[in-house]
Amino acid sequence: MLAFLLRRLLSLIPSILILLLFVVVLLRLLPGDVVDVMLKDFRASDLDRQVLEERLGIGDPIAVEYVDYVRGAATGDLGRSFWTQEPVLTVIFDHVSVTMELMLLALVFGTLTGIPLGVLSAVKQDTIADYALRSVSVLALSVPNFLLATAIVTLPAAYFGWSPPLFYTRFSDDPWAHFQHFLIPAAMLAPFLSASLMRMTRSMMLEVLNEDYVRTARAKGLPERLVVYRHSVKNALIPVVTLLGLHVAVLLSGAVVVEIIFGLPGLGKLLIDSLVQRDYPVIQGIAVVTGIFVMLTNLIVDASYRFLDPRIRLG
Amino acid sequence: MEPEQSYWQRFWTKKVTRRRLVTRSLMAGAGLAAVATVGCGDDDGGGTTTATATAGATTPGATSTPSPTPATGLPPFGGEAVLHTQFQFGDFNPFRSPFAPSIGGLGCTLDTPLEFGPLDFELRGRLLDSWEIVGDGSEILFDINPDAKWHNQAPVNARAVDAEDMALNITRYAGKVDPSEVRLASNMFGLDTADVVGDQLRLNMSTPSLSVLNGLAYYQMTVHPREVIEAEEAFTDPSKFVGSGAFVLDKYDNGVEAIFSRNPEYWRKDSLGQQLPYLDSVRFKWLSDPAAEKAAFESGDVDYIQMLDQLVRDEILTARPDTQVTSYLAWGSAFNFRFNTAKAPFSDARVRKAIHLALDYEDVINPILGSNWAYSGALSAALPEAIPSSEISQMPGWNPATKAQDLEQARSLMSDAGFPDGGISFSIMVITTQQTDEMAVTIQSLLKGIWPAMDVNVEVVEVADLSSRLGAGDFDSVVQFAPRLPDAALDLFNNYSTGGSLNWGAYSNSALDALIDDSLTAIDADGRSSAILQAEETILEELPVIWLGTVDLAQGWDPKIVGVQQLLGPGSTSSIADSHYHSSRYGIEA
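Residue numbers (the numbering used here), protein chains in the order written: chain W, 678 to 992; chain E, 813 to 1402.
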């Protein structure tokens, strides 16, 4: 197991290097740079630009910037924000907990609804409940979360003078208010995940429920509850867990929009602000941190197969 | 132009003091009565010059004295206003990014050297109490407001604001220390050095100019204690800012929440002699999304919202019919359609003029602003020295009643320029966040309706791209929400002079440059007004920029906030900063 984890961790390095290459190069291909943003609404002279560029330490060829960045990243130095001059890691860690909290809650909501409903749908195949759940899942997959979030923010305010909590409160200031603020945004992110999990679980369950060992279990006279939960669900979960791992990246991208609508100061808002301000070190830092997070999540998913099915040997 | 002459004559011949303004305001009994009925005394004039004696030092952020007690019959003062902002900044260096400390809440802890009367646009003292222009204008001497002191917080601990503070701030704003701190340098036009003479501040002018005075009243020109400037900590950690303003900074959690409490020793009093501000505290919250801002106001979570867009305004008033609506002609808020005059076809003034004559301004603006805008010539319609909006609206192109003749002339001009069928091709650059995309599409449609052969593209870009391309002159035309300055000569200089800092279209006209130079350097009121008027007329002939309109800025207020109607006028600061600036001026009905 340890050897497997080490091998997988080492195999992440080329992925991270390629990710960094993409981010560094693509960012610099964007029209306009941080100097343009800093000098917007002001027709600056060449000297003004030059002074700012020197102050910010930009203007090197892309290849040099890439090598410098990789060298720094290897020692844990992701640079400093062009705007605040704060270390990028400090800036990111100020925001990452918000995004992680939102994602975790959405994962909990999505998993706790998606998997049981998928099982139920499979067990009740071709009944009204099955049709209803499948229809709802299609609806949940079809409605974009930004639309849902905007509707939940604007409609109750317009018609009932009520809006969900829109102002972020730090956990240290008021834990309950802090938690309340996350509930609705997480509920807005969860439906897509829930519907995907539900459909995958249903499909896998239907397959498993027709397996010989399930028929054997039933023939032994085991109650249906045990047949489903002890013999079927666990065996149906491997693709579901894979899907869950893949959905971490989807949730992360959804969080960007939802955070902005609900005023959550997470990575999403930081990313958008940094993109508008062309704060390359922060954008690169976010890409590195989220990229590594997604890769590690998938590593954990792979490692979990062994626990779900002992026949699987990791290596 | 009589009113403008009298304004500058007053400006030039009188030594303006706050004491004189107080005397004047006390005489305005009827005005006071009107203000009193809404429970908020006007601070016009800044109060008396006697010190606001409060025993002992105050704990930072604490309100050691009770809220002012209103005169009999007035609603009680005090309470907390909850405001919001979208702006989250990283760089708080006021000299490099002056927008950051002037808004986002911090504005209510700070003062500017001078200010404009919000209702009359008249220049008056703030931290600088009065001024005297010496001799030929090569020196301007200022007295410091004797009542102004910094908040009782380290490292200044309630010491008096002095001339050294002022000199350092002005020197930095003029870009004399760091070449990257040039954002407001043009406001300091003609300044050579700022130094201290006795207790006074002296500006030594290399080019005598009256514009520097208006520049000192610009709302972004916030003044900071020299200890804070020298330490530079506040430039990255805004919680380290210490000001002299109406509110004391209690907490600044950037992007989350900022809390400010009443400065019980603020130098400013209302015209009834009552201590300002009325509010006990102001709480700023950050919201990033316009839909969330609207929802927060509709649900009563915030007390203020800006309602630029007509559609949003209608929706808010439907959801909250009790919303108090205010509006005022905002000198700093205007939309323009700027041509790149260095490139064909807009290098030809006939083409620019033809397009102006062909436009229906109401069609372009009304769908966004409704009726909340004013026709503008070369200057913001709110400026006292501008050709009045009522006159502009009667001129060819702007006047809806003469549109048929205007169209005929537009076709003729286009034909004279070599495009009988209007067959020019150009793009209009816009960014999506300013509602200018809708205006550009309307312009496109109007022009194609008149000249079907005209090829007009609307090009949507991002803000960094816009900035980069404007700087490089890589555009045909642009429709944008453009910044303006509260001084006519400076605004002309930046927008139209050769190499001007906002002259993105590279317009160059030596005769106009000379007129703008005259308007900047004239130190007699008549000469300045005459040069400005001539410059405006020249610009209206040449039209390097079409000003689509000056915004009559609509704002919504929770009904518990009283008195704002009396405090908003053309001299108010523009945009969201209003809510911050005026937080020292309104009260809450408890």
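Hints in this document: simulated from the structure, not taken from any laboratory.
The C-beta atom is built at its ideal place from N, Cα and C for all residues, glycine as well.
Any given hint might turn out to be false.
[Stated by the list, open to error] Distance condition first, Cα-Cα at most 27 Å in a straight line; then the derived DSS-like pairs of lysine-lysine:
#1 K1155(E) to K717(W)
#2 K897(W) to K911(W)
#3 K1155(E) to K1260(E)
#4 K897(W) to K801(W)
#5 K1063(E) to K1052(E)
#6 K717(W) to K988(E)
[To be verified] Chain W side only, calculated, beta carbon under 7 Å to chain E, not exhaustive:
#7 L704
#8 P708
#9 G709
#10 L729
#11 G753
#12 G756
#13 L843
#14 F844
#15 Y845
#16 F848
#17 I938
#18 R955
#19 Y982
A quick look at each hint next to the structure:
1. Under the criterion of a C-alpha separation no larger than 27 Å, the hint pairing K1155(E) with K717(W) is consistent with the structure, at around 22 Å.
2. Restraint check for K897(W) and K911(W): the C-alpha separation of about 19 Å stays at or below 27 Å, so the hint holds.
3. For the given pair, K1155(E) sits about 21 Å from K1260(E) by alpha-carbon distance, which is consistent with the 27 Å threshold.
4. For the given pair, K897(W) sits about 22 Å from K801(W) by alpha-carbon distance, which is consistent with the 27 Å threshold.
5. The straight-line distance between the Cα atoms of K1063(E) and K1052(E) is roughly 10 Å, inside the 27 Å bound, and the hint therefore holds.
6. Restraint check: the Cα-Cα separation between K717(W) and K988(E) comes to about 21 Å, which is no more than 27 Å; the hinted pair holds.
7. The closest approach between the C-beta of L704(W) and any C-beta of chain E is roughly 11 Å, which is over the 7 Å cut-off, so the hint fails.
8. Hint status for P708(W) relative to chain E: holds, with the closest Cβ pair at about 4 Å, below 7 Å.
9. At a threshold of 7 Å, the smallest CB-CB gap from G709(W) to chain E is about 3 Å, leaving the interface hint in force.
10. Taking 7 Å as the C-beta cut-off, the interface hint given for L729(W) holds, the closest approach to chain E being about 5 Å.
11. Annotation: interface hint on G753(W) violated; nearest CB of chain E at approximately 21 Å, more than 7 Å.
12. The criterion of a C-beta within 7 Å of any C-beta in chain E is not met by G756(W), whose closest approach is roughly 14 Å, and the hint is violated.
13. This hint holds: L843(W) has a C-beta 5 Å from the nearest C-beta of chain E, less than the 7 Å allowed.
14. Taken as an interface hint, F844(W) checks out: its beta carbon lies about 4 Å from the nearest beta carbon of chain E, inside 7 Å.
15. The beta carbon of Y845(W) is positioned within 7 Å of a beta carbon in chain E (closest approach about 5 Å), and the interface hint is therefore held.
16. The closest approach between the C-beta of F848(W) and any C-beta of chain E is roughly 12 Å, which is over the 7 Å cut-off, so the hint fails.
17. With a cut of 7 Å, the hint placing I938(W) at the interface with chain E holds, because the nearest CB-to-CB distance is about 5 Å.
18. Hint status for R955(W): holds, given a least beta-carbon distance of 5 Å to chain E, under 7 Å.
19. Hint status for Y982(W): violated, given a least beta-carbon distance of 40 Å to chain E, over 7 Å.
Of the hints listed earlier, those the structure fails to meet are numbers 7, 11, 12, 16 and 19, in rising order.
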